[in-house]
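> In case you want the letters, here they are:
2 protein chains.
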Amino acid sequence: MTESWATFGADLHLDLSAGRGLRAGLTEALREAARSGRLAAGTRLPSSRSLAADLGIARNTVAEAYAELVAEGWLTARQGSGTRVAERARPRKPAAAARVRHPARRGASYSLVPGSPDLGGFPRAAWLSAARRALTDAPNEAFGYSADGRGRPELREALTGYLARARGVYADPDRIVLCSGFVHALGLLARVLRARRVREMAVEGYCLDIHRNLLARAGLRTRPLGVDAEGARTGELTGAVGAVLLTPAHQFPTGAALTPARRAAVVDWARTTGGLVLEDDYDGEFRYDRQPVGALQGLDPDRVVYLGTASKSLAPGLRMGWMVVPPGLLDEVLAVKGMSDWTSSALDQLTLAEFITSGAYDRHVRGMRLRYRRRRDELVAALAGRVAVSGIAAGLHAVLDLPAGTERSVVQSAAWQDLAVEGLSAFRHPGADLPPRDALVVGYGTPSDSAWTPTLGALSAALP
Amino acid sequence: MTESWATFGADLHLDLSAGRGLRAGLTEALREAARSGRLAAGTRLPSSRSLAADLGIARNTVAEAYAELVAEGWLTARQGSGTRVAERARPRKPAAAARVRHPARRGASYSLVPGSPDLGGFPRAAWLSAARRALTDAPNEAFGYSADGRGRPELREALTGYLARARGVYADPDRIVLCSGFVHALGLLARVLRARRVREMAVEGYCLDIHRNLLARAGLRTRPLGVDAEGARTGELTGAVGAVLLTPAHQFPTGAALTPARRAAVVDWARTTGGLVLEDDYDGEFRYDRQPVGALQGLDPDRVVYLGTASKSLAPGLRMGWMVVPPGLLDEVLAVKGMSDWTSSALDQLTLAEFITSGAYDRHVRGMRLRYRRRRDELVAALAGRVAVSGIAAGLHAVLDLPAGTERSVVQSAAWQDLAVEGLSAFRHPGADLPPRDALVVGYGTPSDSAWTPTLGALSAALP
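Just so you know, the protein sequences line up as chains A and B, in that order. Heads up, the first sequence is in the working numbering, so the first residue is 1 and it goes up one at a time. Heads up, the second sequence is in the working numbering, so the first residue is 1 and it goes up one at a time.
I should point out that these hints are in silico values taken from the structure, not numbers from a laboratory. Take the hints with a grain of salt, since some may be wrong.
Said to hold, decoys possible - If you anchor each label on the Cβ, the simulated ranges turn out as follows:
(1) A:Gly80 x B:Leu370: 34 to 40 Å
(2) A:Ala147 x B:Arg194: 43 to 49 Å
(3) B:Asp401 x A:Val70: 56 to 62 Å
(4) A:Leu434 x B:Arg194: 33 to 39 Å
(5) B:Arg194 x A:Arg373: 47 to 53 Å
(6) B:Gly359 x A:Asn140: 52 to 58 Å
(7) B:Pro139 x A:Leu370: 22 to 28 Å
(8) B:Arg199 x A:Ala218: 43 to 49 Å
(9) B:Ala384 x A:Ala218: 52 to 58 Å
(10) A:Gly367 x B:Gly359: 34 to 40 Å
(11) B:Ala229 x A:Gly359: 44 to 50 Å
(12) B:Arg271 x A:Thr273: 53 to 59 Å
To be verified - Sample of chain B residues facing chain A (criterion: CB under 7 Å; computed from the structure):
(13) Arg38
(14) Ser116
(15) Leu119
(16) Gly121
(17) Ala142
(18) Arg196
(19) Pro316
(20) Arg319
As the list claims (entries may be wrong) - Computed far set for chain A versus chain B, every beta-carbon distance over 10 Å:
(21) Arg38
(22) Ala67
(23) Glu68
(24) Ala77
(25) Glu141
(26) Arg199
(27) Ala229
(28) Ala382
(29) Ile392
(30) Ala432
(31) Asp438
Cβ coordinates follow ideal geometry from the N, Cα and C atoms, glycine included.
Next up, chain A with everything else stripped away, as it sits in the complex:
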């Protein structure tokens, strides 16, 4: 008789061949599991007492099986670290291991590619303290399936206060929808627009290709607006487009702040045509000079969707973003998001809420602002008289204008200095009617503090 057991309390899945005595069967099953890789090298086995209890057999039987496999070299036993699968018991490789086409973006030692904060600045200790308080205070239901597509009320409440005082946003916890980052939010809004039969929307002539491509995949054509020193040329908006995606506080990547006249123009366009404004406030926390940069949303909360993120202020790895949605759009956004689109961890949401309400968020932003401002000043000083630096009133990046026709060779020259950097042309919408401009987009927030000085040196060496 052959009997197959598979349910050991220790979460071992073994086929025990009965009919040969328990000890032999157990030994062989464990050996086979180690050989085949079902038990990976280094795996700690349950204690003999515990496995014996689960199997309903004598502890000695398990101890003897373990001893035999230790003797054979399949297992190792060490005082204090228990019995483990030996390192030489390698798992068998699956057939035809797939090649994966997602390598890291850049292989260079130094990087000034924009879009990332200094990851070394993540406030690990403060975040952990907030997590401890959040986890201790969390109601049990927070660990369950969410009944609210908007996300945890604690974080929506905390963001309402924060966005009002820091960004001049007219928010309400009921109209905040938490997302796993800006891209998730933009994807949801693209689906809402398509459901409203919008076919075309305006974007800035310089913008991030990942955003353009997302809109295209959702079935939306993008029409580029001109971009100059006053930001996007919102006067070019017409009734042909149903929405516009803007970065009013700090145009990405040119760095201009949208002027009051152009802010008024976009609001007028929205009121006249019924169009929707998507305000990407990706780095609104980081401002270094006195100038008006309140959120556009405050001008017309009924027509502007405000989109914020923790990706620049804290870390992209948190996958945390938020929308403040006009009252008339909320039901559509939630319908598209659906009851099953719970994308970010409730524990992280509670931790961020605690991080904000305790004041740790403000402290962190203030500290990082000083760090980035110092870098910006050093960048400007290092390049004084060599290239024009613009877009520096805010954010984590600057634009360095280059002699006409040299952008490509400077990017290449940077690569020779082991420095990854991007030219402005990488951000140009293919359909944009923009004057030629050779420039580098320099993300001075990207390096860690220790890498900053050599990175700046590499940049200086690469410039003409």
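On the provided structure of chain A, position chain B as indicated by the hints.
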């Protein structure tokens, strides 16, 4: 002259009317911010020293403005807690507050609705310890944008070992794709199937409507298989369907384990037709009796996608799931997931990896298994002789058969006992050719430990 300043280092966005003296302008701007709700009640203001430094004005000017607003009742100042916006300064409500259509699922005091673990069992202290270790050890790049659509390698490595020993899954870190729960994974696979021009797939005749609806929204027709005491009738599979979604370890909700013959049948079908098997192993960790329940995936890792989740073993609120993808399918899954579909927090992924490798996951599952097994035994004992209880070898729920035609009235009678419970008919595919069956699906994992005894009492009182 009117000047507008908006960038205070303290993350205040205020419009200062100049031309009347700094102190008067600052006072009025702060007052207006409190009145309008831009500064929420309870908000702590920056210290006068810090705000003065940010504004480049004398500290006294700020201190006097604060004092004036305290005197007017807009602010409060208390030793040790700084200056805050007074509670009576209420924010103005946004126009036309939207009604939200996502109420909590059930309003009853007791719930046996299946699908949730005991949320009171979440291992808060152990999770926090793992988070501390993970956060301390994390490389800086973990906080950045992920360069790998599969998710953190640490967690894929940990899952490979765990799934091999606990579920008999042939995994490889390269072929594991981390998701924010089962539904996210199923949505990705539905898009892969549609891209392969699959139009129809098979599901179990009893299944979760949320899964059926997701497939339908993705453009896939679902054809129901019969379900009986041996699980889904996989012999009914034909070449007309391109894929099948199964719960082999513990059919949801009837609780049957797919028999060896039917496992063989589904693998034969996949090999003959080139169809894909999606194995939903939602509660594979929880088994109470000795019987073979290894993952189907082990039979043919090239044709079965294994789908697992932490939603039953830990908590749905974590939004953490995983797929083990056949080599030939990986590129398609990653293409659909895209470089921008980073849905779960890298910190949570690192924490779960640490939780698994430290042995805390096994300890937690073992503890919960004892808890659920005790409940199951109490449920069976309490109902002995009254109704037939089935599907109890595993999982967090059982099926209670009722006299023909009584299901609806028993669910109603339970509601009178303040108990939420679902009838089996709620899980029936509308197109399924199944014999009539009146039953309750009882999620005995759902109540907290303290609520368990009264919940069982309410159930007992509701039964005929």
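> For each hint given before, does the structure comply? Return the numbers of the non-compliant ones in rising order.
Failing hints, ascending: 1, 2, 3, 6, 8, 11, 16, 18, 21, 25.
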